[in-house]
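S.K.: Based on the sequences and whatever the hints tell you, model everything.
Just so you know, the protein sequences line up as chains C and Y, in that order.
Each number in our numbering comes from the position in the first sequence (counting from 1) with 854 added on.
Each number in our numbering comes from the position in the second sequence (counting from 1) with 212 added on.
Honestly, the hints are just simulated from the structure, not real lab data.
Careful: at least some of the hints might be erroneous.
Here are the computed lysine-lysine pairs in the DSSO-like style, where the Cα-Cα straight-line distance is at most 27 Å [unchecked claim]:
#1 Y/K370 / C/K1209
#2 Y/K370 / C/K1136
#3 Y/K370 / C/K1274
#4 C/K1274 / Y/K567
#5 Y/K310 / Y/K233
#6 C/K1209 / Y/K233
#7 C/K990 / C/K1001
#8 C/K1274 / Y/K233
#9 Y/K687 / C/K1274
#10 C/K1266 / Y/K370
#11 C/K1209 / Y/K507
#12 C/K1283 / Y/K507
#13 Y/K235 / C/K1274
Which bits of chain C does chain Y cover? Going by a derived footprint, with three or more residues having C-beta under 8 Å, they are [as the list claims (entries may be wrong)]:
#14 915 to 928
#15 968 to 975
#16 1223 to 1229
Just a sample of chain Y residues kept apart from chain C, beta carbon distances all over 12 Å, derived [stated by the list, open to error]:
#17 M213
#18 E346
#19 I387
Small disclaimer: the values here were computed from a predicted structure and weren't measured.
Quick reminder that beta carbons are idealized off the backbone N, C-alpha and C, glycines included.
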Amino acid sequence: MNVVIALTITGILNLFGSIFSYRKITPLLSIIGLTTAIVFNSMYWNTNQSFFNHMMVVDNYAVAFGTVCMVLAACLIIFYNRFMGDNDHHLPEVLSVIVLSVDGAIVMVSYTNLLMLFLGVEILSISFYILAGLKKKDLGSNEAAIKYFLMGAFSTGFLLLGITLIYGATASFDLSVISEYVKLNSTSTNYLLLSGVLLILVGLLFKVAAAPFHFWTPDVYQGAPTIITAFFATVGKIASFGAFYRLFQMCFSPIVNEWSGVIMVVAIITMFIGNITALQQKNLKRMFAYSSIAHAGYMLLALLSHDYLGGNAILFYSIAYGISSMSAFIIIHIIQTQTGTDEAMGFAGLVHKNKTLAMITAISMLSLSGIPLTAGFFGKFYLFSSAIESGYVLLVCLAVINSFIGIYYYFKPVIESYFKDSITDDVIKLKSVETILLIFLSIATILLGIFPGLVPAI
Amino acid sequence: MLTGLLLLIPLLFMIVSLLMKGKQSGYVALVSSVVSLFISLCMAFTFQHDDTVQFELNYSWISSFGIHFHLGVDGISLILILLTTFLTPFIILTSLQKETDNSNVFFALILLMQAGILGAFTAMDSFLFYMSYEVALIPIYFICGLWGGENRIAVALKFFIYTLAGSLFMLVSIIYLYLQTPGNHSFEISEFYKLNLSSSQQSWIFWGFFLAFAVKIPIFPFHSWQPSTYTIAPTAGTMLLAGIMLKMGLYGLIRFVLPIAPEAVAHWNTLAILLCVCGIIYGSVIAIRQNDLKKLVAFSSIAHVGLIAAGIFSMNAQGIQGAMIQMFNHGVNAVALFFLIDLLERRSGTRLMDKFGGIASVNKRFAVVFAIVMLGSIGLPMTNGFVGEFLLLFGVYQWNMYAAMFAGLTIILGAVYMLRLYRNVFFGEISEASTSILSMSMLERIISYKLVALIILLGIFPNLLLNISAPAVNKLLNLIAHHSNLSSIL
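M.R.: Set out below in structure tokens:
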């Protein structure tokens, strides 16, 4: 499994950066490592290979989700220097943790064994606990780390308990065996199995920050350094959804009626809580934390679909959401450091300070609120189609109501940057590589909004 | 081929106009709109007067969903295409008369909006229709937000959310219809026509589409975005909204709701027409009390489009034909009125009725032009408004006499508020504001004469338009009749 190996080697090489004093080049090293991993990963397209005694299978699903996670992580590393400032003494270590957490994400989207799922979730989560507390002298960051750790550990407990119960019911950790068992026994109610499914649901719903397991999200997202928040909101969420969908589609689709009710209720609560609470937030990071909760609600719709549409929908939505939130968080950070405010008014008059940045803000916000000609629209379109096809028309109508609640707060930064006058006159300057990256993300958003066929079907 | 060009030209010129500076970008936009007008006239002259879809263009767009980039023109679309391409040059000329900040963006947005609207009118694929419908919304949001008047930010956002909220339900309906199509599903509108939906399915579809279009048109309880948006928008924005954009909603009713859910329309049209009639009376009565000229026209617009929608919901040939011609006429009249009001405002710096008076003795030419436009809007015989309103009322009458009686109030009340406007602004003592309207510039004269000529021409020869849409409307009615036959057999 070259991808995992490449990432692990990159991570370890980064660790030695401080000792052998090549810390300056560790960002470059990480990018090279990630690029290599992406190349290795794409070579597995259409091969469906199995690894480690059938513990992992790299099918198209795994390749697609893995690539998305790695590309987003690479984007973050490019921006890392700007985020943390030059006096960051732990650069190599942090980069190593980031790269290794991507390892966890890869495991989470390609497992075929529940133990691997647990392993992946743990690799990702433990890295995240560390990353949340990165600013060790900052009170908010410490709070975020402690909160995330306590809640996360608790939820992982649920996950593990669920896995145990499923093992008890089916006598195996292997997804194919479990799915055979579920298929054969789908008519009779097996309480042991169902309790296991329910507990796993709790564990995974926590990881994707769905209500009512979302309480950690706002504090953690607000407290953690913005670059890490971007990482949680994109890679963390996408990998968790990748794991979520894989498990429930491969194993538990025959008993969909037993758990679809739970997902439906959770999806509805999540969308409403996320959107309505986001409306009232002044702090932008907190607002985006709630909006990411709302997005989890939309993505849960795809879990309910019976066939291939769901997988494609969740993949496309992940890409659209990942790209747009990534640029949104990056811009928030730029604005925050420049104006010193966490609120939407920091965006005031952005168009006079930096036209490109204002344009990118507009595009990413339009995409997040799902306006046509952006990738976000097709993400929503795919999700809604898959849910309507499975007969959840009412649920889609509720999701629709939520999408236009969302417009209200997504438009705040756009309105500020285009329609208001700025509080300060200084021009915002970006490094050319950063501008290129942001423009690249915006072009990708528009391109996918016009030709969604660019994302291959899985 | 021509349809493709029609969409491509504004988009290409949009980019050119973005690169220009100041007035130049406006001239680029003007050239683009004139070229579009020329193309659409070519279409109108080569158009075969039958019920087929012509000038087709069909490419696969998103193959996994069976979405096609399928453009085509039939009689119904052609009238609206002509309306759009006729009015856009006027709109651009109006905006060229005053200085606009960032005018390159302004004109680029107008062109983008034109492309979106033309896309909606030519789309033969429902998904493409939805996309264009929404794409047209983004530029107008920015036009209102960037160049609007007082309180523009809140008003523009309200307008945007309101409209988008409605249209998202349309998206749900479209996806639902798509999944009902047999085999490898398709978003083709013609495929939707072939569906045999049960009456409850039709009702849901009806409401999904109705919400979208009722907000856009706007039909009575969904109108609250409209007066404030019309008032704050820059004149070009108001013209685009009132003249062209709201026709997308009416077009949608004809294109989607009637043929796809005829049973539901037959079932629900009592309520729908009731709402339309409420809107007619409500809009007119409020218009009578307005002092702000732009607001007055905005409220009168609610009344006029209410009548058009009522004609469509009455589901007969006269009603729909009346709607077709009145859509065109209302567009021309609204743009003409807003143009004249803009002229008043530019010269005198106000648009409050009580600030004016006695313009008739200051500038006779202007008074005559305004009178003709006003009479067209009231619907006096020999002007364009008469034919449309007559057919519409005839259609509503066939459906229900009492409904027609109340809908007919639009003409009486229309005369009341328009003549009140005319009396206050043009007669009486000459006020200070009125003295600024001494003369009209060459360009203003050309624009207003052309609009006046159009108003009279269409009043005398309405068949120019009626002949275009008649076969397509007949086909539509056959389709509806066919549907109801089927359901009576089943």
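S.K.: Hint by hint, note whether the structure agrees.
M.R.: For each hint, the structure was consulted:
Distance hint between Y/K370 and C/K1209 is fulfilled; the C-alpha atoms sit about 25 Å from each other, no more than 27 Å. Of the supplied pair hints, the one linking Y/K370 and C/K1136 holds, its CA atoms being roughly 20 Å apart against a limit of 27 Å. Restraint check for Y/K370 and C/K1274: the C-alpha separation of about 17 Å stays at or below 27 Å, so the hint holds. At most 27 Å may separate the alpha-carbon atoms for a hinted pair to count; C/K1274 and Y/K567 exceed this at roughly 32 Å.
For the given pair, Y/K310 sits about 15 Å from Y/K233 by alpha-carbon distance, which is consistent with the 27 Å threshold. This hinted pair checks out: C/K1209 and Y/K233 have alpha carbons roughly 16 Å apart, not beyond 27 Å. Distance check on the hinted pair: C/K990 and C/K1001 sit about 14 Å apart at the alpha-carbon level, within 27 Å; holds. About 22 Å separates the Cα atoms of C/K1274 and Y/K233, which keeps this hinted pair within 27 Å; it holds.
For a cut-off of 27 Å, the pair hint linking Y/K687 to C/K1274 is broken: about 51 Å separates their Cα positions. Straight-line distance between C-alpha atoms of C/K1266 and Y/K370 comes to about 13 Å, which keeps the hinted pair within the 27 Å bound. Taken as a hint, the C/K1209 and Y/K507 pair is broken in the structure, with Cα atoms around 35 Å apart against an allowance of 27 Å. Pair hint C/K1283 plus Y/K507 does not hold up; C-alpha atoms about 44 Å apart against a cutoff of 27 Å.
A distance of roughly 24 Å separates the Cα atoms of Y/K235 and C/K1274; the hinted pair therefore holds under the 27 Å criterion. For a cut-off of 8 Å, the count of residues in the region 915 to 928 of chain C with a CB near a CB of chain Y stands at 0, and the three-residue condition is violated. Counting residues of the region 968 to 975 of chain C whose C-beta sits closer than 8 Å to any C-beta of chain Y gives 0, which falls short of three, so the coverage hint is violated. Under the rule that three or more residues need a Cβ within less than 8 Å of chain Y, the assignment of the region 1223 to 1229 of chain C holds, with 3 such residues.
With a minimum CB-CB distance of about 21 Å to chain C, Y/M213 clears the 12 Å threshold, and the non-interface call stands. A beta-carbon of chain C is positioned within 12 Å of the beta-carbon of Y/E346; the least distance is around 4 Å. Some Cβ of chain C comes within 12 Å of the Cβ of Y/I387; the nearest lies about 5 Å off, and the non-interface call is violated.
The structure shown violates the earlier hints numbered 4, 9, 11, 12, 14, 15, 18 and 19.
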